[in-house]
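Work the whole structure out from these sequences, hints included.
Protein chains: 2
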Amino acid sequence: MRGFARRSTVAEAIGWLDSRVRRLGDERTALREAGGRVLAHDVASGVDVPGFVRAMMDGFAVRAADTIGASPYNRLPLNVVGESMPGRPFAGRAGPGLAVRIMTGAPLPEGADAVLPVELVEIQGDFIFAQGEVSPEKHIGRIGEDISAGSAVLSAGRRLRPQDIGVLSSIGAAEVVVVRRPRARIVVTGNELLPVGSQPAGARIVDSNGPMLEALVVRDGGLPIHPGIVPDEPGAILAALRSDADLVLVSGGSSVGQEDLAPSLLAEHGELAIHGLAMRPSRPTGMGMLDGRPVFLLPGNPVSCLCAYDFFAGRATRVLGGRSPEWPYRRLRASLKRKASSTIGRLDYLRVRCDGGLVEPLSIGGASLLSSTTRADGFVLIPEESEGYPAGTQVEVFLYD
Amino acid sequence: MRGFARRSTVAEAIGWLDSRVRRLGDERTALREAGGRVLAHDVASGVDVPGFVRAMMDGFAVRAADTIGASPYNRLPLNVVGESMPGRPFAGRAGPGLAVRIMTGAPLPEGADAVLPVELVEIQGDFIFAQGEVSPEKHIGRIGEDISAGSAVLSAGRRLRPQDIGVLSSIGAAEVVVVRRPRARIVVTGNELLPVGSQPAGARIVDSNGPMLEALVVRDGGLPIHPGIVPDEPGAILAALRSDADLVLVSGGSSVGQEDLAPSLLAEHGELAIHGLAMRPSRPTGMGMLDGRPVFLLPGNPVSCLCAYDFFAGRATRVLGGRSPEWPYRRLRASLKRKASSTIGRLDYLRVRCDGGLVEPLSIGGASLLSSTTRADGFVLIPEESEGYPAGTQVEVFLYD
Numbered sequence: 001m002r003g004f005a006r007r008s009t010v011a012e013a014i015g016w017l018d019s020r021v022r023r024l025g026d027e028r029t030a031l032r033e034a035g036g037r038v039l040a041h042d043v044a045s046g047v048d049v050p051g052f053v054r055a056m057m058d059g060f061a062v063r064a065a066d067t068i069g070a071s072p073y074n075r076l077p078l079n080v081v082g083e084s085m086p087g088r089p090f091a092g093r094a095g096p097g098l099a100v101r102i103m104t105g106a107p108l109p110e111g112a113d114a115v116l117p118v119e120l121v122e123i124q125g126d127f128i129f130a131q132g133e134v135s136p137e138k139h140i141g142r143i144g145e146d147i148s149a150g151s152a153v154l155s156a157g158r159r160l161r162p163q164d165i166g167v168l169s170s171i172g173a174a175e176v177v178v179v180r181r182p183r184a185r186i187v188v189t190g191n192e193l194l195p196v197g198s199q200p201a202g203a204r205i206v207d208s209n210g211p212m213l214e215a216l217v218v219r220d221g222g223l224p225i226h227p228g229i230v231p232d233e234p235g236a237i238l239a240a241l242r243s244d245a246d247l248v249l250v251s252g253g254s255s256v257g258q259e260d261l262a263p264s265l266l267a268e269h270g271e272l273a274i275h276g277l278a279m280r281p282s283r284p285t286g287m288g289m290l291d292g293r294p295v296f297l298l299p300g301n302p303v304s305c306l307c308a309y310d311f312f313a314g315r316a317t318r319v320l321g322g323r324s325p326e327w328p329y330r331r332l333r334a335s336l337k338r339k340a341s342s343t344i345g346r347l348d349y350l351r352v353r354c355d356g357g358l359v360e361p362l363s364i365g366g367a368s369l370l371s372s373t374t375r376a377d378g379f380v381l382i383p384e385e386s387e388g389y390p391a392g393t394q395v396e397v398f399l400y401d
Numbered sequence: 001m002r003g004f005a006r007r008s009t010v011a012e013a014i015g016w017l018d019s020r021v022r023r024l025g026d027e028r029t030a031l032r033e034a035g036g037r038v039l040a041h042d043v044a045s046g047v048d049v050p051g052f053v054r055a056m057m058d059g060f061a062v063r064a065a066d067t068i069g070a071s072p073y074n075r076l077p078l079n080v081v082g083e084s085m086p087g088r089p090f091a092g093r094a095g096p097g098l099a100v101r102i103m104t105g106a107p108l109p110e111g112a113d114a115v116l117p118v119e120l121v122e123i124q125g126d127f128i129f130a131q132g133e134v135s136p137e138k139h140i141g142r143i144g145e146d147i148s149a150g151s152a153v154l155s156a157g158r159r160l161r162p163q164d165i166g167v168l169s170s171i172g173a174a175e176v177v178v179v180r181r182p183r184a185r186i187v188v189t190g191n192e193l194l195p196v197g198s199q200p201a202g203a204r205i206v207d208s209n210g211p212m213l214e215a216l217v218v219r220d221g222g223l224p225i226h227p228g229i230v231p232d233e234p235g236a237i238l239a240a241l242r243s244d245a246d247l248v249l250v251s252g253g254s255s256v257g258q259e260d261l262a263p264s265l266l267a268e269h270g271e272l273a274i275h276g277l278a279m280r281p282s283r284p285t286g287m288g289m290l291d292g293r294p295v296f297l298l299p300g301n302p303v304s305c306l307c308a309y310d311f312f313a314g315r316a317t318r319v320l321g322g323r324s325p326e327w328p329y330r331r332l333r334a335s336l337k338r339k340a341s342s343t344i345g346r347l348d349y350l351r352v353r354c355d356g357g358l359v360e361p362l363s364i365g366g367a368s369l370l371s372s373t374t375r376a377d378g379f380v381l382i383p384e385e386s387e388g389y390p391a392g393t394q395v396e397v398f399l400y401d
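One line per chain: the protein sequences are L and X, in this order.
Start counting the first sequence at 1; every next residue gets the next number (the numbering used here).
Start counting the second sequence at 1; every next residue gets the next number (the numbering used here).
Check the hints yourself; a few may be wrong.
Here chain L is said to cover these stretches of chain X; the calculated rule only asks that three of the stretch's residues, wherever they fall, bring their Cβ under 8 Å from a Cβ of chain L [as the list claims (entries may be wrong)]:
hint, segment
1, 85–97
2, 100–111
3, 198–207
4, 211–217
5, 369–375
Please keep in mind that the hints were generated in silico from the structure rather than gathered at the bench.
Ideal placement from N, C-alpha and C gives every residue a C-beta, glycine not left out.
Next up, the structure:
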């Protein structure tokens with residue numbers, strides 16, 4: 001077995017990736033399905049919201065001038081000539097000496113310029129007695145006070161929040177133009193693998209990387225395509241690498257042994273830009289381009305696969321889909337319960353548990369034990385230039401989930 | 001218009017909610033669809049993973065005893081009698097003086113007890129020369145070292161992470177039993193409202209709370225049901241309150257005016273447990289039970305609707321679905337750019353922008369301006385017992401999205 005000619009640093013690999021991976025194009029989607037999607041263009045409003053002057057309190061629409069001098073000791077009568085309800089405006093005109101009963105959100109009748117709150121009024125049949133003054137424009141909402149016609153509402157790149165969907169609905173959007181979801185072809189190789197849903201038997205194990213990668217791609221806003229295990233055979237792997245997708249994630253056969261077919265196929269038919277990384281786990285990770293789409297060669301060991309996905313393939317998925325390249329993990333600062341060792345020149349991805357404010361590195365074996373990542377609460381990175389940290393060091397934990 | 005008889009504190013309302021809302025029952029789902037779902041039961045493994053002794057390095061399966069004394073100066077010959085590949089084990093037996101070429105992950109042949117790494121070997125035809133020693137069990141993974149049969153794998157209540165899906169796949173799970181997704185009936189009332197996708201026109205505005213609530217429910221793991229605007233009419237509202245769902249979210253008509261039908265319907269036909277809250281916005285929020293399901297009366301003002309959803313209805317959605325009751329918002333500590341005022345006895349929900357490490361309260365009008373929540377980066381809470389904070393105070397910001 002040959003070794004890697006030269007190991008790239010994580011920063012070099014990310015630099016390459018960022019230079020080659022660009023946001024995908026657009027598609028239209030129904031507004032009601034658009035929560036969490038990424039807006040492709042700036043959105044401006046074509047309308048005023050609200051499109052009419054509205055009451056901001058329950059009370060009576062009046063001319064403010066008619067209330068001048070009103071007080072509990074100087075009750076001024078006004079004739080109630082109708083009502084304005086939300087969606088059912090008063091058909092007539094208010095005017096001097098007149099009042100129109102009005103509810104919050106209802107259109108202010110023509111001729112009125114303020115709302116006299118119900119608390120300042122005594123009602124007697126068709127008359128009210130104003131017991132206080134209101135100034136013009138009092139308790140009314142002006143046209144466009146929420147959103148004015150022509151104004152910018154949301155910017156391109158925005159990941160739509162629930163309230164954004166509400167605002168877009170209020171300006172009359174039925175659809176929105178969003179960044180297309182990246183289609184990620186998952187190519188799982190390995191003659192020892194049984195498809196998800198099988199019982200492990202004899203010398204065969206069940207594919208765990210495939211369904212894990214599917215869930216990771218969904219988490220990062222992509223659409224996974226994983227039609228099944230691909231035989232360890234050059235023609236089958238090359239065909240899978242060339243399948244119609246926006247990026248390709250290969251799991252297994254990524255190292256430099258003679259059974260590791262994917263790197264040489266990628267080098268021969270496309271570009272193997274990075275192969276071998278100065279990190280642990282995930283050293284035998286590769287990446288490159290084929291037919292204009294990024295290809296990630298992820299190690300078959302499941303912990304390495306998870307780690308390499310998160311560092312590289314996940315970043316590509318997020319960037320293609322218009323999301324932030326950053327990890328979706330919450331962060332926590334806490335101190336190490338015991339020493340964490342590393343080697344200079346290599347980035348270490350250390351699974352940890354967080355227990356009572358202390359961070360405990362899990363003393364677990366190799367990258368083959370996926371259960372170590374389900375027992376862990378998250379991970380800590382030890383950068384290339386560090387030999388590790390003594391107990392008590394404050395570290396940043398990236399929390400899984 | 002009557003006022004609220006008595007305003008409940010936010011803590012009282014949450015206390016009521018937590019006493020009445022319980023996790024829903026279970027359902028089966030395909031493992032590949034289970035990312036992000038909540039596990040209903042503890043899961044133990046029925047199998048060992050791996051189910052066989054495997055090589056952890058590429059090299060040769062040998063009897064460790066045959067390598068005793070091997071060094072570059074004392075090369076010990078072994079006869080290579082076959083190979084063991086992942087999924088394609090060596091059919092025969094290894095034994096004294098014999099070696100079997102083996103790849104990482106492949107089953108260790110009967111008779112061998114260690115893997116001699118390829119780096120410690122010189123290959124000549126059908127023979128290898130060991131140039132170093134290995135001890136028994138060296139470079140092999142034992143049966144069940146990832147997961148042993150009968151051991152606990154994941155606990156009930158776990159929100160399934162991508163790696164959990166991988167682990168469940170590796171133990172042969174085709175389906176998992178998860179907590180059912182809460183079906184949330186969204187009841188939007190208001191004669192002034194047009195359905196989502198309409199253009200606002202005249203005195204009518206487009207429903208923004210409905211699609212916003214749909215996106216919120218999806219975010220919190222629920223299934224929204226929002227078949228359309230419900231007429232402001234007691235029979236229609238009561239029928240909607242009684243529709244088949246796990247919880248009901250009513251938007252609009254939640255206050256104490258005569259047009260506010262939902263509170264009296266709930267009081268008459270079920271239980272109106274809380275009505276009127278000591279908070280701003282969202283004062284006219286109510287909640288109770290009808291036909292055994294929680295009902296939330298959310299104010300029609302969209303900012304109040306968002307806030308009341310997040311405090312109460314969202315919590316219920318998350319708890320019903322087996323998730324943590326806590327907000328899904330990331331948090332940030334930063335200092336106030338300017339003073340934030342409040343009133344003792346009332347919790348304030350203050351929309352803020354975060355700008356260069358400083359938190360700026362948005363000086364924006366009432367709860368009717370939904371665009372204020374799209375311009376904000378998040379919110380700050382000022383508790384009941386506080387009159388507010390001076391500029392420079394360190395506050396916790398809950399970040400939208």
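Practice item. Mind listing which of the numbered hints don't hold for this structure, in increasing order? Key: Of the numbered hints given earlier, the structure breaks none, since each of them holds.
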